[in-house]
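Student: Order-wise, the sequence lines are chains A, B and C. The opening residue of the first sequence carries number 1 in my numbering; numbering runs sequentially from there. The opening residue of the second sequence carries number 320 in my numbering; numbering runs sequentially from there. The opening residue of the third sequence carries number 811 in my numbering; numbering runs sequentially from there.
One thing to keep in mind: the hints can contain errors.
[To be verified] Computed footprint of chain A on chain B; a stretch qualifies when at least three of its residues, placed anywhere within it, have a C-beta under 8 Å from a C-beta of chain A:
no.	region
1	328–340
2	431–440
[To be verified] One side of the interface only, derived from the structure: several residues of chain C facing chain B at Cβ under 10 Å:
no.	residue
3	Q852
4	V855
5	L858
6	A862
7	L884
8	P885
9	L902
10	R909
11	L910
12	E912
[What the hints assert, rightly or not] Cβ pair distances, simulated, as ranges:
no.	chain 1	residue 1	chain 2	residue 2	range
13	B	V766	A	G264	56 to 64 Å
14	B	V521	A	R113	15 to 23 Å
15	C	D874	A	T35	39 to 47 Å
16	B	V771	A	S77	47 to 55 Å
17	B	V709	A	S77	38 to 46 Å
18	B	V521	C	S866	18 to 26 Å
19	B	V766	A	A255	48 to 56 Å
Read the hints as simulated data drawn from the structure, not as lab findings. A virtual CB, placed ideally from N, CA and C, is assigned to each residue, including glycine.
These are the residues of each chain, in order.
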Amino acid sequence: MLVATAIGIAVNRDLLSVVMLSSIYGLLSANFFVTMDAVDVAFTEAAVGAGISPLLMFTTMAIVGRYEKLPHRWSLSALVLVSITGALLLVATMDMPAFGAPDAPAQQHVAPRYIEQSGQEVGIPNIVTSVLATYRGFDTFGEVTVIFTAGVGVLSLLMIGDRATKPLSSHLLKASQHKILRIVSKVLIAPILLFALYVQFHGDYGPGGGFQAGVIFAAAIIVYTMLFGLDSARQVIDQGWVRVMAAVGVLLYGAVGVVSMVNGGNFLDYDVLAKDPIHGQHYGIIVIELGVGITVAAVMVLIYFSFAGRLVDRGHQDD
Amino acid sequence: MLSHLPILQVILPLLAAPSCLILGRPALAWGFSFATSAAAMLISMLLLQQVWLEGPISYFLGGWEAPWGIEYRIDLLNAFLLLIVSSLSTVVLAGTRQSVAAEVEANRQTLFYVSWLLCLAGLLGILATGDAFNVFVFLEVSSLSTYTLISLGRDRKALWASYQYLIVGTIGATFILIGIGLMYMMTGTLNMQDLAQRLPVVADTRTVFAAYAFVIVGVCLKLALFPLHLWLPNAYAYAPSAVTAFLAATATKVAVYLLIRFSFTVFGADFSAMDIPLHQLFIALGLIAVFSASLVAILQIDIKRAIAYSSVAQIGYMIIGLGLGTAAGLQATLLHLFNHALMKGALFMSLAAVALRMGSTRLDDLAGLSQRMPLTAMAFVLGGLSLIGVPLTVGFISKWYLVIATLEMGMWPVAALILVGSLLAVMYIWRVVEVMYFRDPPASTQVSEAPVSVLLPLWLLVIANIYFGIDTALPVSVTADAAQALLGWGK
Amino acid sequence: MTDMLLTHYNYWVVMVLMMIGFYIVIAQGNLVKKLVGLNIFQTSVFILYISAGKVSGGSAPILDDAISVYSNPLPHVLILTAIVVGIATTALGLALIIRLREAYGSAEEKDIQEQNQC
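Let the hints inform the model, and build the full structure from the sequences given.
Tutor: This is the structure in structure tokens:
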């Protein structure tokens, strides 16, 4: 299925269906991750691969046009290059441990400690969250920074106020004419926000956490934008404020690390945050997940506003 | 507090970036970034001193010991590079405030400095970490901010250069990710020290061989090693002048560091020498890079672009030293890392000053520049002499050590080719000198010398080019020990 | 060989996906499609990692007294990070495409390179 979808993407010239297919591809791989026991990854891939990424691509497409201009010609040099890379990977699989083998090296050395000890050392059931937030908490700090970096980059590329935007609401992005849509969506926004909060704080026990919650939270705001138009959304949510929130999330995460250092531990050592390590770990994880959630939500909203802002500007130009 | 130095080195610029965004005003943002960068430089000096006196430092993030947690590990090699990156960032920032103000739109300047700090944090993060996956994360921090910085160039071609680099850079990063994944499948660990111990057991599997190949190709894409260099000239030519100076002096150095780290520390010198004639391949590619890029550089009409091609050539020299595989060869590479940062910093900063006053760096527009901007022109010439490798400059030291290292191996044809390569450098520098000194300036234009705040940092770099060309004690002894340590590790 | 097929088919799927994605990136002329290809390429690597973490008979790594065998949580964590990095890159790439289209009036590699020539 995955392969078929991928081939579909390769041969199709209508970008709309390419993006649709890529969104299906995202869902399929999320399914695959569930069968591989990676529920957190599946959740995230569904939100990203079938959610944000197609949304942004559709918006881009509305700006740059739907069809590929040139018919595709098979490129020999590209085929050769790809075949060499593929062959290299094929060679690599020859000596790989069998799929699913419990005695494979990957299952042996570092991972057992997470499975056996994280219950006592960190005290939360979701091992993925334990590893993500504390054992490899610094990677996650880097991840938040990457999101922040992308936000800064998109902002600098698609800065609003580049051209004088007329205070006109655009028909392109507004679904308010559809009464049913409006009522249904209105009813939906509050539960979406609640669900985001649930995902945010439930990450310790089941799949979820700051990143997924941030995405869902941003989704609620994006639905609102689609419903009432970009201009009214910008009125409710001040852009400067969103910018500050994007920065605050990163700073919050970093602050936890700095507080651990002041308390005599290493950077991001949550053990020293409270009297006993388990409570310390708990506080640490809650705060850093909050930091992740805030930055992700703020950056997603910022990116969507920037993209949609271009679309609206363009709509004005065409009028 | 001293025990926290390794992490402070990275989180200082990293946390300064969001703070800078909140600060808002461009003038404040510049001062803030400069102060942050200077503080990072101070930290890297302390670190180098500490490592020099007491040996490698380990720092466990989150208090989890390696390999379960992420480890920061500072040895002589990365302490040396941390110093290069943070100090060049500081000097370039000091000298390019006006240049940025002139080339980047006012409402984007704060974002420019935020991206600069993120890029600095990313590069320092790659250097400091002892964890293979953490390398990937910080590689992306530095890459994404680099794409942003390049896209801020005035010409629309900057956008195209940035997009091209984004595609190539992401392919490179994904290759590295594949390599790390394959290593993890065979060893069950991500920590570099731990990998170094566990890889020899499975070294003869095809999976590990493929892992090495993916990592090396991925790094070489970021490194712009010939023939994977096509993104670099565009990116350097169209980025804002300050960015070009910063990237040319630091980013490729970090990529070379990764190549050394993975080849010598993680896989070990024995492995790298094994299966394929990788060393010969490196030497051959290095030589081709030197010649092809230098020849193209001679043909350029834009000097910024010519010097960008020269970077591809200089990377060639570094790879030749690496390919020799001996302590002397490695030392030559490490020395050239330091020296090349100094000369490219000086050259691109003088071009930034030219662009500031002239609005162009095309060869034809530079006629008679020595009369209008004598100090800037002189700085360019001295930087160029250093690039060629004239005695009493750092360039000479690099070439000297590289040639000695090749002769030690009995490779006198390689040594001869290196010297011929230097002659090509003479040609593309001479073209500029001729136009600047022996042509009359167009009568109509009124151009004055660059401001003092630009000249001071620029001349600081020029003097460094000469000082370290005469008093070589510090870089030579540091690199000698670093090279020894790298080769000792594999055994 | 049939043994290999049974124990390694996941990795071969990865290989095929990777090749398709990689081909789209380097051979296609449309800038948006290149990014879609890049996404496929990256996702194939995610599948490689997640496959490496699967343990036969194991279940999702959420601690429960009733379960004794878990799949490996570490690759999951790494890939969570990698997915986030991927979407960050995609967003930046798309923003660049919008600007390119505004500056060149096209989102095709060939058009842009022709305009750069003159």
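Student: Do the numbers back the hint for C/L884, that is, is its least Cβ distance to chain B under 10 Å?
Tutor: This hint holds: C/L884 lies near chain B, its Cβ roughly 8 Å from the closest one there, short of 10 Å.
Student: Does the Cβ pair B/V766, A/A255 satisfy 48 to 56 Å?
Tutor: holds (49 Å)
Student: Evaluate the given range 39 to 47 Å for the C-beta pair formed by C/D874 and A/T35.
Tutor: violated (19 Å)
Student: Range hint 47 to 55 Å: satisfied by the CB atoms of B/V771 and A/S77?
Tutor: Hint holds: Cβ distance 52 Å, inside 47 to 55 Å.
Student: The hint names C/A862 as touching chain B; please verify it with the least Cβ-Cβ distance against 10 Å.
Tutor: holds (5 Å)
Student: Should the hint that B/V521 and C/S866 are 18 to 26 Å apart at their CB atoms be regarded as holding?
Tutor: Holds, since B/V521 and C/S866 (Cβ atoms, about 22 Å apart) stay within the stated range.
Student: Take the shortest C-beta to C-beta distance between C/V855 and chain B; is it under 10 Å?
Tutor: The hint holds - C/V855 has a Cβ within 10 Å of chain B, the shortest such distance being about 6 Å.
Student: For the region 328–340 of chain B, does the count of residues with a C-beta closer than 8 Å to a C-beta of chain A reach 3?
Tutor: Coverage by chain A holds for the region 328–340 of chain B (7 residues, Cβ < 8 Å).
Student: Can you verify the interface hint for C/L902: is its Cβ closer than 10 Å to any Cβ in chain B?
Tutor: holds (6 Å)
Student: Classify the hint on C/L910 as holds or violated, based on whether any CB of chain B lies nearer than 10 Å to its CB.
Tutor: At about 5 Å, which falls below the 10 Å cut-off, the nearest Cβ of chain B leaves the hint on C/L910 intact, so it holds.
Student: Quick one: are B/V521 and A/R113 within 15 to 23 Å, going by C-beta?
Tutor: This hint holds: roughly 21 Å between Cβ atoms.
Student: Once the shortest beta carbon distance from C/R909 to chain B is found, is it less than 10 Å?
Tutor: Given a least distance of 5 Å, the restraint on C/R909 holds.
Hint 15 from the list above is the single one not met by this structure.
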